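So the sequence lines, in the order shown, correspond to chains A and B.
Residue 45 is where the first sequence starts when you use my numbering, and the numbers rise one by one after that.
Residue 4 is where the second sequence starts when you use my numbering, and the numbers rise one by one after that.
Hints are computed from structural coordinates only; laboratory data are not their basis.
Mixed in with the good hints there might be a few duds.
[What the hints assert, rightly or not] Restricting the straight-line Cα-Cα distance to at most 35 Å, the calculated cross-link-like pairs of lysine-lysine (DSBU-like) are: (1) B:K313 - A:K133; (2) A:K455 - A:K498; (3) A:K126 - B:K391; (4) B:K269 - A:K107; (5) B:K391 - A:K133; (6) A:K107 - B:K401; (7) A:K259 - A:K271; (8) B:K313 - A:K187; (9) B:K246 - A:K72; (10) A:K126 - B:K104; (11) A:K406 - A:K271; (12) B:K269 - B:K288; (13) A:K498 - A:K470; (14) B:K104 - A:K107; (15) B:K401 - A:K187; (16) A:K172 - A:K271; (17) A:K133 - B:K269; (18) A:K506 - A:K519; (19) B:K269 - A:K214.
[What the hints assert, rightly or not] Every beta carbon over 12 Å from chain A, so not counted as near; a handful from chain B, in silico: (20) A43; (21) E106; (22) S109; (23) R210; (24) A215; (25) D244; (26) D257; (27) Y277; (28) S328; (29) R333; (30) R358; (31) G455; (32) Q475; (33) E495.
[Stated by the list, open to error] The calculated label-pair distances, taken between Cβ atoms and stated as ranges, are: (34) B:F243 - A:A262: 51 to 61 Å; (35) A:P87 - B:T387: 19 to 29 Å; (36) A:T266 - B:S308: 26 to 36 Å; (37) B:A360 - A:G55: 55 to 65 Å; (38) B:S308 - A:Y150: 54 to 64 Å; (39) A:P430 - B:L344: 37 to 47 Å; (40) B:T387 - A:A262: 47 to 57 Å.
This structure is a prediction, so every number in the text was calculated from the model and none was measured.
Here a beta-carbon is modelled for each residue, glycine too, at the ideal position from N, C-alpha and C.
If you want the building blocks of each chain, they are given just below.
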Amino acid sequence: MSEYRIKGETGDWEVVIGLEVHAQVVSKSKLFSGSATAFGAEPNSQVSLVDAAMPGMLPVLNKECIRQAVRTGMAINAPINKWSRFDRKNYFYADLPQGYQISQLYHPLVGEGEIEVSLDEKNPEAVKTIGIERIHVEQDAGKLMHDQHPTMSYVDLNRSGVALMEIVSKPDMRSPAEAGAYLRKLRTILRYVGSCDGNMEEGSMRADVNVSVRKPGAEFGTRTETKNVNSVRFVMAVVEQEARRQIDLIEDGGTVVQETRLYDPDRNETRSMRSKEDAHDYRYFPDPDLLPLELDEAFLAECRASLPELPDAKRARYEGPLGLSAYNANALTAEVETAMAFEELLASVAKASGKGEADVAKRVANWLLSERAGVLSANNVLASDPKNSLEANTALVVAAESGAISGSKAKEIFALYLTGDIDLAKEIEANQQTSDTGAIEAAIAKILADNADKVEQYKGGKEALFGFFVGQTMKAMQGKANPGVVNELLKKALG
Amino acid sequence: MTDVTELGVAAIREGVAKGDFTAVEVAEAFNANVAAAQQALNAFIVPTPEKAVEAAQAVDAARAAGKPLGKMAGVPIGMKDLFATRGIQTTAASHILEGFKPEYESTVSQKLWDAGAGMLGKLNLDQFAMGSSNETSYFGNVISPWRRNDGGNAALAPGGSSGGSSAAVAARLAPAATGTDTGGSIRQPAAFTGISGIKPTYGRCSRWGVVAFASSLDQAGPMARDVRDCAIMLEAMAGFDPKDSTSLDLPVPDWEAALSGDLTGKKVGIPREYRLDGMDEEVAKSWDQGIAWLKDAGAEIVEISLPHTKYALPTYYIIAPAEASSNLARYDGVRYGLRDLPDGAGLQDMYAATRAAGFGPEVKRRILIGTYVLSAGFYDAYYTQAQKVRALISRDFKEAWAHCDVILAPTTPSASFALGEKSADPLEMYLNDVFSVPASLAGLPAMSVPAGLNAEGLPLGLQIIGKPFDEQGVLNAGLAIESRAQFSAKPEKWW
């Protein structure tokens, strides 16, 4: 794996990247109030007295949010701090009713962890471990709407007080691709754990991108922080743009200033938001409205027990005991829904065919990843279509697995079934392929007799004609001949 | 017929229960006193005579129907305007909350209404409870009903911040009132006006719905004519509240039933460090008298040491403003209360204009102090250091409890002073809290009971500080003093 270098006038540069990911915790209610958290509700319809910071209102911790953050910490192999505390981060803004955000600066909930990212799909050896500094829990702010009125801004507090996990990486990434791979992998883990839905379009996950540049081997350079970047693609673009900007700046004799920047996707550039000079002094101090958070063993044990099999473990199991290719194992585990669908169909097929899961895993994987996926997209049918049921898929894969129908026949039948009104069981029955060697031999004998010239050519070395004979035989058998048997008999007949 | 306004909580409750008079008669009598004194004393920001009558009618109806009556049935009280009261203006004596009518009721006030109490009105106080003389209210000074016996008519301070409460109870405008105590705001005004008041252990009374000053110190409590009335009312106010994370999850004892002035077997600690150089002679004398009374009640007197006492005041004036600077950030003109939006102003201008107009000078001073001690570069030297000293002050008390059951000390370094006398020098004003602040920092129950009059004819109070959760010990020692002091002086009616 070659190292990522950026060419400058003064030579090669290395980029250093750290990400602070804000992930919205999946929970019914907010971090310190009972308000709902659903996305897309009417503005200000999910705001309690606490969220609106009415006089005398007090925060009460929602333990479910803590549970989710603890499970997330466990999923990245990080120690959980049994004693943590909430601090107030003080600043004024219209989307922050309390005038402070309740966060965890001094004593975060989760300590150092790490995740392994894959840098090349086709090369399972190309992995890198990215360190995670900490995870802490904090409140989200509300939302300002500037497009509702010509001279006024509106405030929607639905998001105010929703629980976020801030997942702070170490400055361990060295290329846009690594940053992208880290963010994708983190998203996958969060979705497996179920602690964040990872929906970047809805803002459930956003990243602050810290970028600096240096000559390889030199000390870290001054970093900038580009706020609230909401897609993997944009994160990669920010790294690229920001590294380029910093290199050009330095090479022109300037210096990088530590500042907060914004990314403009339309122009694909970052812009200064505020510099360190007018940076806020957040005056963090422990929130006196809340007691320190103390977790006991029983709670931690429950969190640990509730963790599902995580993507790395799943991939290893798919490649090892199930014998799938690295490529397929990767593809099946990248999204938790895919893995779940695979395991469901695998169990169902194994049961229906009376075979072990390892014996049918390859066929199930191929069916899901290529055959079925192809049929669905060719016919514009959504995966969520009720006809794309576990029963239908099981019947088709079992029939193909047993050799009753061919793989291509299974696809044909599936397409007919999805788009038309056929009885699946009858259709499979009607398309049973034959392994009746007598019938196939008869067909072959006739084809060879009718095409004596081609037989000569084949025997003269034109082996590509073998496919022609297979095709003719299958045609004569109306597609119902077992292709394995056809091959075998043809080879024998052609000597 | 008896003048019911001369009666306290217990006597009114019994009279109503027995049918000596109706609750409505009581409410109307106090309503009349409130109205007659409003001009001269300014104890109430908003009188609510209809609320008092309404609650009284409910009690009379319940009695007529033979239903059980609550602990405070038929007792009209004054409500410090720091408690949110549904539909009734709640201001914390500030301009910034002028006109604010909450849609919610504080836990403590709700408990009192549930116990059968009625509301005579919202009592004046120092703005956001910041002050020791009730001179910082946006709605004008409260004038003490007491006058010096020198024939002069100097307007005296009723103490602060619960100055409306103390003045109202002393002047017979209410048999009892709620107070809140952050650094002495129940005890000091009680001492200045010859009444009793107890600040319970931190966490006994819910802070939910009480406008926050300094969250780690704020604690509500009753102010009344005598110790028994305080016990009754505290029982009605106290109790675990899941809406306040710092609320104590403990049952509320039956303090009234267990009242006993017999201190046989009890040890009373006299802290050496409270005997200040240049201490007011009459205060020293009253303290000695208190020691003699408690000895007479059977207690053993022991000298104790609280070595970090001299650091309590500076510690308090770091921690309380620090928390206040953050707690008051929510008053920003965005969602409720005052909004000052100059022509063409942006968000920052609106904040500045609103807060400049909405907060009084003392509140601004404390916000500035608090912001300063939390700011980068000063945090460790001030806030962190103050937290360490606070822990040492708590430890002093913990060590003292090995030698004694309660501590006796003066409540204030002097009797009431004339309005304007100390308001020019904030430091001199802050010194008023020198004896009351240590118990606040340690979260301990502490009460003030009247001990007698000084040469000027003004009341002096004695303070009893108890172990955590031992309100009973405090009340009992208070009762022992009360029964020996036989304090019956009351301000001569001049209004």
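Status of the hints after comparison with the structure:
Between the alpha carbons of K313 (chain B) and K133 (chain A) the distance comes to roughly 31 Å, so the proposed pair stays at or under 35 Å and holds. Restraint check for K455 (chain A) and K498 (chain A): satisfied, since their Cα atoms lie roughly 31 Å apart, inside the 35 Å limit. Taking the CA atoms of K126 (chain A) and K391 (chain B), the gap is about 23 Å. The hint holds against a cut of 35 Å. Between K269 (chain B) and K107 (chain A) the CA atoms are separated by roughly 44 Å; this puts the pair beyond 35 Å, and the hint is violated.
Restraint check for K391 (chain B) and K133 (chain A): the C-alpha separation of about 21 Å stays at or below 35 Å, so the hint holds. The hinted pair formed by K107 (chain A) and K401 (chain B) meets the criterion: a straight-line CA distance of about 33 Å does not exceed 35 Å. At most 35 Å may separate the alpha-carbon atoms for a hinted pair to count; K259 (chain A) and K271 (chain A) meet this at roughly 25 Å. Distance restraint check for K313 (chain B) and K187 (chain A): the Cα-Cα separation of roughly 48 Å exceeds the 35 Å cut-off, and the hinted pair is therefore not satisfied.
For the proposed pair K246 (chain B) and K72 (chain A), the alpha carbon gap of about 18 Å is at most 35 Å, so the pair holds. Proposed proximity of K126 (chain A) and K104 (chain B) is contradicted: the alpha carbons are some 42 Å apart, above 35 Å. Between K406 (chain A) and K271 (chain A), the direct Cα distance comes to roughly 44 Å. Violation of the 35 Å bound is thereby established for this hinted pair. Taking the CA atoms of K269 (chain B) and K288 (chain B), the gap is near 23 Å; set against the 35 Å cutoff, the hint holds.
At most 35 Å may separate the alpha-carbon atoms for a hinted pair to count; K498 (chain A) and K470 (chain A) exceed this at roughly 38 Å. Between K104 (chain B) and K107 (chain A) the CA atoms are separated by roughly 32 Å; this keeps the pair inside 35 Å, and the hint holds. Between K401 (chain B) and K187 (chain A) the CA atoms are separated by roughly 48 Å; this puts the pair beyond 35 Å, and the hint is violated. Between K172 (chain A) and K271 (chain A) the CA atoms are separated by roughly 25 Å; this keeps the pair inside 35 Å, and the hint holds.
Distance check on the hinted pair: K133 (chain A) and K269 (chain B) sit about 47 Å apart at the alpha-carbon level, beyond 35 Å; violated. With a C-alpha separation of about 22 Å, the suggested pairing of K506 (chain A) with K519 (chain A) holds against the 35 Å cut-off. Of the supplied pair hints, the one linking K269 (chain B) and K214 (chain A) is violated, its CA atoms being roughly 60 Å apart against a limit of 35 Å. No beta-carbon of chain A comes within 12 Å of the beta-carbon of A43 (chain B); the shortest separation is about 30 Å.
Chain A draws E106 (chain B) into its interface by the beta-carbon criterion, the shortest separation being 8 Å against a cut-off of 12 Å. A cut-off of 12 Å between C-beta atoms contradicts the statement that S109 (chain B) is not in contact with chain A; the least separation is 6 Å. Residue placement check: R210 (chain B) does not keep its beta carbon more than 12 Å from all beta carbons of chain A (closest about 6 Å). Non-interface call for A215 (chain B) relative to chain A: violated, since the shortest CB-CB distance, roughly 7 Å, does not exceed 12 Å.
With a minimum CB-CB distance of about 9 Å to chain A, D244 (chain B) fails to clear the 12 Å threshold, and the non-interface call is violated. With a minimum CB-CB distance of about 28 Å to chain A, D257 (chain B) clears the 12 Å threshold, and the non-interface call stands. Every CB of chain A is more than 12 Å from the CB of Y277 (chain B) (nearest about 27 Å), matching its label as outside the interface. The Cβ of S328 (chain B) sits about 8 Å from the closest Cβ of chain A, inside the 12 Å cut-off, so the non-interface label is violated.
With a cut of 12 Å on Cβ distances, R333 (chain B) falls inside the contact zone with chain A, its closest approach being about 4 Å. At roughly 10 Å from the closest C-beta of chain A, the C-beta of R358 (chain B) falls inside 12 Å, breaking its exclusion from the interface. With a cut of 12 Å on Cβ distances, G455 (chain B) stays outside the contact zone with chain A, its closest approach being about 37 Å. Non-interface call for Q475 (chain B) relative to chain A: holds, since the shortest CB-CB distance, roughly 25 Å, exceeds 12 Å.
Distance check on E495 (chain B): its Cβ is at least 38 Å (rounded) from any Cβ of chain A, clearing the 12 Å threshold; non-interface status holds. At roughly 59 Å, the beta carbons of F243 (chain B) and A262 (chain A) sit within the given window of 51 to 61 Å. P87 (chain A) and T387 (chain B) have their C-beta atoms about 41 Å apart, which leaves the hinted 19 to 29 Å range violated. Distance hint check: the CB atoms of T266 (chain A) and S308 (chain B) are about 54 Å apart, inconsistent with the given range 26 to 36 Å.
Evaluation of the 55 to 65 Å hint for A360 (chain B) and G55 (chain A) yields a pass: the beta carbon distance comes to about 60 Å. For S308 (chain B) and Y150 (chain A), the hinted distance range of 54 to 64 Å is not satisfied, since their beta carbons lie about 33 Å from each other. In this structure the hint that P430 (chain A) and L344 (chain B) lie 37 to 47 Å apart at CB is violated, the actual value being about 56 Å. The hinted range of 47 to 57 Å is not satisfied by T387 (chain B) and A262 (chain A), whose Cβ atoms lie roughly 36 Å apart.
Of the numbered hints listed earlier, those contradicted by the structure are 4, 8, 10, 11, 13, 15, 17, 19, 21, 22, 23, 24, 25, 28, 29, 30, 35, 36, 38, 39 and 40.
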